[in-house]
Amino acid sequence: MEILPAIDLLAGRCVRLVQGRYDRVIAYESDPLEVAARFRAAGATWLHVIDLDGARSGALSNLAALERIAQTGMRVQFGGGVRDDSAIQAALDAGAERVIVGTRALEDPDWFRQVVHQPGYARRVALGLDARLGKLAVRGWTQSTERTAIDVALSVAGWPLAAIVYTDIGRDGMLLGPNIDAIRSLAAVAPVPVIASGGVTDLEDVRRLVQINLVGVVIGRAIYEGALDLADALRVARAGAGE
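In terms of the numbering used here, the sequence shown is residues 203 to 445.
Where hints are given, some of them may not hold.
Unchecked claim - Dumping the calculated SDA-like pairs for lysine to any residue here, alpha-carbon to alpha-carbon at most 20 Å:
(1) K337 / Y323
(2) K337 / V220
(3) K337 / R258
(4) K337 / L308
(5) K337 / Q320
(6) K337 / R386
Unchecked claim - If you anchor each label on the Cβ, the simulated ranges turn out as follows:
(7) Y224 / G428: 21 to 29 Å
(8) D431 / K337: 29 to 37 Å
(9) R223 / E348: 19 to 27 Å
(10) G322 / L378: 36 to 44 Å
(11) G442 / A359: 21 to 29 Å
(12) A429 / S357: 17 to 25 Å
Think of the hints as simulated: they come from the structure by calculation, not from any bench.
The beta-carbon is built from N, C-alpha and C at its ideal position, and this holds for glycine as well.
With these hints in hand, go ahead and build the complete structure from the sequences.
What follows is the structure in structure tokens.
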């Protein structure tokens, strides 16, 4: 299992949203490149970079920052405002290794199916599923749907997706621990690898997640605020269930 430290960008700065709310912003540092360099020094090879401006507006707003971060040599999983073919290509061109599509994938599944089967996009596009109280949310988490993560995951069986990136919005930025039951249920039936996000607080959370069939875990606030040492989390995750 891999740890993906999070860099959430809002107006070019590193921030965290509490439960996905834009009116509850915790600002951390102004230079995302310095943050990326620190994560790399701790041993991370992947980053989870989200364009919060883009997630809310529907148009990519932090491509320059993405390009700078990618130039550090780290592998970047990027999302936020990726809602058409040109945005996917722009993110890949800026250096993203993997691009997350959430809103458009749920609102226009026929388009999404065509996109992930295009030459050059196989295993480069991930499906973003963000859940609040069991129901998926879209448009920067500002609108709710009646669909569940498991229903949507089952609908993409056989598609050449890189992963499903599952976020529990109610846990995100709260330091309350991950929703283990929901993550385990999704990972048990998902036809593609699952990356979980939201709520990881300490090393024990990482140990619990290692026991689930996940390929990655996104961690943000716990690292920024010193509740969890990134190097320790990487060690436990890479050691696997035997740690």
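Evaluation of the provided hints:
no. : hint                    : verdict
1   : K337 / Y323             : 28 Å, violated
2   : K337 / V220             : 18 Å, holds
3   : K337 / R258             : 19 Å, holds
4   : K337 / L308             : 12 Å, holds
5   : K337 / Q320             : 29 Å, violated
6   : K337 / R386             : 16 Å, holds
7   : Y224 / G428: 21 to 29 Å : 25 Å, holds
8   : D431 / K337: 29 to 37 Å : 34 Å, holds
9   : R223 / E348: 19 to 27 Å : 21 Å, holds
10  : G322 / L378: 36 to 44 Å : 39 Å, holds
11  : G442 / A359: 21 to 29 Å : 26 Å, holds
12  : A429 / S357: 17 to 25 Å : 36 Å, violated
Going through the hint list in order, the structure does not satisfy hints 1, 5, 12.
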